[in-house]
Amino acid sequence: MKSDFILKAASVITMDPSLPRAEALAISAQSGRITAVGSLLECQRALPDAEVRDLGATVLMPGFIQAHDHPIPASVLCQLPAHWIAPFVGYPTWNDVENLFAELRQQTPSGQPLMFNGLDRLLLQIPMPDRTSLDKYFPDNPVVIFDITGHAVYFNTAATQLFGWTKATPPPDKADARWARRPDGTSSGVGFETSAFQAALFSFLPHTIPNPLENLGAWYATLARNGFTAAGDMAFMDNLFAPMESLAQMADCPVRFSLYQVTYDPNPQTSYTSGDNGSMIRKAGWKIWMDGSPSIATASISVPYLDSPQARVANIPTRKAPGISVLNYTSKEFVALLDKFANANVQIATHINGDAGIDVVLDGYEQALTRIGLIEDDHRWR
Numbered sequence: 000m001k002s003d004f005i006l007k008a009a010s011v012i013t014m015d016p017s018l019p020r021a022e023a024l025a026i027s028a029q030s031g032r033i034t035a036v037g038s039l040l041e042c043q044r045a046l047p048d049a050e051v052r053d054l055g056a057t058v059l060m061p062g063f064i065q066a067h068d069h070p071i072p073a074s075v076l077c078q079l080p081a082h083w084i085a086p087f088v089g090y091p092t093w094n095d096v097e098n099l100f101a102e103l104r105q106q107t108p109s110g111q112p113l114m115f116n117g118l119d120r121l122l123l124q125i126p127m128p129d130r131t132s133l134d135k136y137f138p139d140n141p142v143v144i145f146d147i148t149g150h151a152v153y154f155n156t157a158a159t160q161l162f163g164w165t166k167a168t169p170p171p172d173k174a175d176a177r178w179a180r181r182p183d184g185t186s187s188g189v190g191f192e193t194s195a196f197q198a199a200l201f202s203f204l205p206h207t208i209p210n211p212l213e214n215l216g217a218w219y220a221t222l223a224r225n226g227f228t229a230a231g232d233m234a235f236m237d238n239l240f241a242p243m244e245s246l247a248q249m250a251d252c253p254v255r256f257s258l259y260q261v262t263y264d265p266n267p268q269t270s271y272t273s274g275d276n277g278s279m280i281r282k283a284g285w286k287i288w289m290d291g292s293p294s295i296a297t298a299s300i301s302v303p304y305l306d307s308p309q310a311r312v313a314n315i316p317t318r319k320a321p322g323i324s325v326l327n328y329t330s331k332e333f334v335a336l337l338d339k340f341a342n343a344n345v346q347i348a349t350h351i352n353g354d355a356g357i358d359v360v361l362d363g364y365e366q367a368l369t370r371i372g373l374i375e376d377d378h379r380w381r
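So for the sequence shown, our numbering puts the first residue at 0; every next one is plus one.
Treat the hints as calculated values from the structure; they're not laboratory data. Honestly, I wouldn't trust all of these hints.
To be verified - Under the rule of at most 27 angstroms between Cα atoms (straight-line distance), these lysine-lysine pairs were calculated in the DSS-like manner:
(1) LYS1 / LYS173
(2) LYS173 / LYS282
(3) LYS166 / LYS135
As the list claims (entries may be wrong) - Taking CB as the label site, the calculated pair distances span:
(4) SER245 / PRO80: 43 to 51 angstroms
(5) ASP251 / ALA56: 35 to 43 angstroms
(6) PRO138 / SER278: 47 to 55 angstroms
(7) TRP93 / PRO138: 49 to 57 angstroms
(8) GLY110 / GLN248: 52 to 60 angstroms
(9) PRO16 / SER278: 21 to 29 angstroms
(10) GLN366 / GLU50: 51 to 59 angstroms
(11) ILE33 / GLU102: 32 to 40 angstroms
(12) ILE374 / TRP93: 24 to 32 angstroms
(13) ASP251 / ARG379: 24 to 32 angstroms
(14) LYS1 / VAL312: 57 to 65 angstroms
Using N, Cα and C, we set each Cβ at its ideal position, and we do this for glycine too.
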């Protein structure tokens, strides 16, 4: 049976303006919560029978908050069996990546799908991969490569069969998923924006990740080892709730998650409750993507991308300012989304990189907040 205990430290950082520093804190075994913070004597008065654990010269502080996390993609794409090919994790050149491709081509049975993540065209100094180039590397295996930005995905011909496309023909474009096409209308092997990213990920997951829940648990452990005790899932979808709830129900789950549901989710208005685990997993708001990434030239900026040999090699269009032409939603469409999803009880979180797009987002926020009556309130839209 667990017992109450008191932690005493050289200093306790409380984040409470009325008591910035303390000597000890008391934790109730029954609730698992902190019941008192202050001097050792004050904590002993709160829990008279508690064991005192003296941490010596240690400074005790609250856990970090990972305000912008993507737990499912992070858990399955940043560790095996997916292959993380970012330049900063051991693949600093495209030649290093090509050597990995050659090794996997020899080792992988024909037809077995392969996932890669973290491609950085600018740092690796390569043109945009597509069906033609990836078919040469992997003629017999479905292959998908996720761009390091999360806003583009590259794939070969075999992957289109895994997507369920007929004759490699992608579905119609929409605001959150655009597919590059060849002159004949078939896919060129490139998709843009987050819904395209999600579609590719979920098509490959059943064939590449034996136990996604185990991967997700490993990601929670990684966060916890680095001091994070709370995180926000900034791309939550309804089909992800079951595995996250399973972990939230574990007695020793180390991370609390606030869920920001994507507005293009097929089940966008679902209310999520988790019984007694409401403090460990809760729905906090909605997520909207308004532009892409400056790394792949899809940010809504008012100035041209800098012309350079590096940019030209990586297929970055230069000398012309994208402005608002690359926005996923027009200003009118954005305001309509806000009107549909915003209310007094949730946050809105909008991805926007470019200065031209930021103007559109802030104007939309002002209109929506005024209509809801929150313009002067602590609404914390982001």
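Results for each hint:
no., hint, verdict
1, LYS1 / LYS173, "violated (54 angstroms)"
2, LYS173 / LYS282, "holds (26 angstroms)"
3, LYS166 / LYS135, "holds (19 angstroms)"
4, SER245 / PRO80: 43 to 51 angstroms, "violated (21 angstroms)"
5, ASP251 / ALA56: 35 to 43 angstroms, "violated (27 angstroms)"
6, PRO138 / SER278: 47 to 55 angstroms, "holds (51 angstroms)"
7, TRP93 / PRO138: 49 to 57 angstroms, "violated (19 angstroms)"
8, GLY110 / GLN248: 52 to 60 angstroms, "violated (37 angstroms)"
9, PRO16 / SER278: 21 to 29 angstroms, "holds (23 angstroms)"
10, GLN366 / GLU50: 51 to 59 angstroms, "holds (56 angstroms)"
11, ILE33 / GLU102: 32 to 40 angstroms, "violated (51 angstroms)"
12, ILE374 / TRP93: 24 to 32 angstroms, "violated (50 angstroms)"
13, ASP251 / ARG379: 24 to 32 angstroms, "holds (30 angstroms)"
14, LYS1 / VAL312: 57 to 65 angstroms, "holds (59 angstroms)"
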